[in-house]
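Just need the whole structure built from these sequences, with the hints factored in.
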Amino acid sequence: MLNKSMPDARMENSFAHGPSAAYRDRSFALNESRRRMRKVPAAGLLNAKTLAEENLRGFRLKSLQKENDLPLRVNCPQRIELPMYFNTPRRKEDIISKSRLKSKVQSMKDSALDMSYEDSYNRIAARKRLKDYAILSFACKRAGKSRDEGRAYYSTGVLFDNLGKFKTAITHYKKFLQVCKAIGDVHGEALAYNCIGVNYQKLAESNDKYYEDAIDYHLKHKEIADVAGKFLAHVNLGIIYNIMNDEEKSSINHHFALRYAIQMSSLAGQSVAVGNLGNLGSISKVSSYANNEKLQMFIERYLELSSELRYRKGEGNALLKLGQLKTQKGDYDNSTKHFFRAMKIAEQTGDKEAKTEAKCLFGMASANRNWNDHQKEILDKVNNSDLAVLKQAQQEEDEVDEEEVAVDGTENEV
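Each residue of the sequence shown is one higher than the last, beginning at 1 in full-length UniProt numbering.
In case anyone wonders, no lab produced these hints; they're calculated from the structure.
No incorrect hints appear here.
Here are the simulated DSBU-like cross-link-like pairs (lysine-lysine), alpha carbons at most 30 Å apart as the crow flies:
1. K131 / K202
2. K313 / K92
3. K165 / K175
Just the calculated beta-carbon pair ranges, DEER-fashion:
4. I243 / C360: 19 to 27 Å
5. K181 / D246: 27 to 35 Å
6. C360 / E205: 21 to 29 Å
All residues carry an ideal CB built from backbone N, CA and C; glycine is no exception.
Next comes the structure, spelled out in structure tokens:
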């Protein structure tokens, strides 16, 4: 007689195929209401083979861009996010850029506040959910529900990411990876490799030794991923090699990313790949490529793609870099135009940092242009005055020659 507590052998144990039947029954009503409100297709209507990387379909641009510009940022590690109906925690640690996060923390310290009420509430809620997922993973493991066990490990990792505890998150992602390997879930395995690789990238920002680990996991992700996953892996590898000053490998990976983005017909993907090729996220490198026409071509293409996607921040960023290139080449007329346009876009988007930067660069370029014009006027005056002096000297010399000729003629007559 079969033990009723044992899992059904016919159950599909793949993380990529979605929640178990019991899990779906418990949350069916909630999922249906969310689907109708947000127009998300039912789980059965989607291709199960690509669920783990479904967000790459056009980078989920319409939904994500309303919340943040992360999918379109250049020189920024890209993650895979599961579809909403998987009921996994939403990522939050990348929504605020690092520079803005520092300024936010500093303002909190200045006001004698260690944490805002909202942040405090979110952290308390996250800790409560961590306990729930710990109990859930243990129960699923006991019951042999590998799929839900893996989902609990993944969800725990996301929550630790949101708390900034990337090392702890890696531990849970590795448990998730083991489960995916055990049940033969290739797409869940690719998801785990991406999560671990990006976390090592973040740890490497403070310790370079983690870059090798990040490269290792991104390479593993690339080997088993579909086209969308390969795009992400090459983007992340290109960013790492760029930081490590290996420009050749960085360029190769970003070109591969661009190829896959074109294959997916993703304008957002092309925007990221071209932006990375143009080193748009690294101002310090503009000067070393100032005379590189290829760089200018990439930036101009990035500007076009950002305009097509109506990504105003991308347009402003591209205009800033084009202005810097023109400044390096001494073309201050065009550089001031680019900086002025970037400043106006920053005003429209409410980006104070970009506006300040554009204003400073516009002022410097305008000063250089005015100084060049002033120098040109001085040189013209000097040249004109020198020319007048030379003409006068030449006339005097000609007069002396004429007098000498006249004297010689008189002497001959005598």
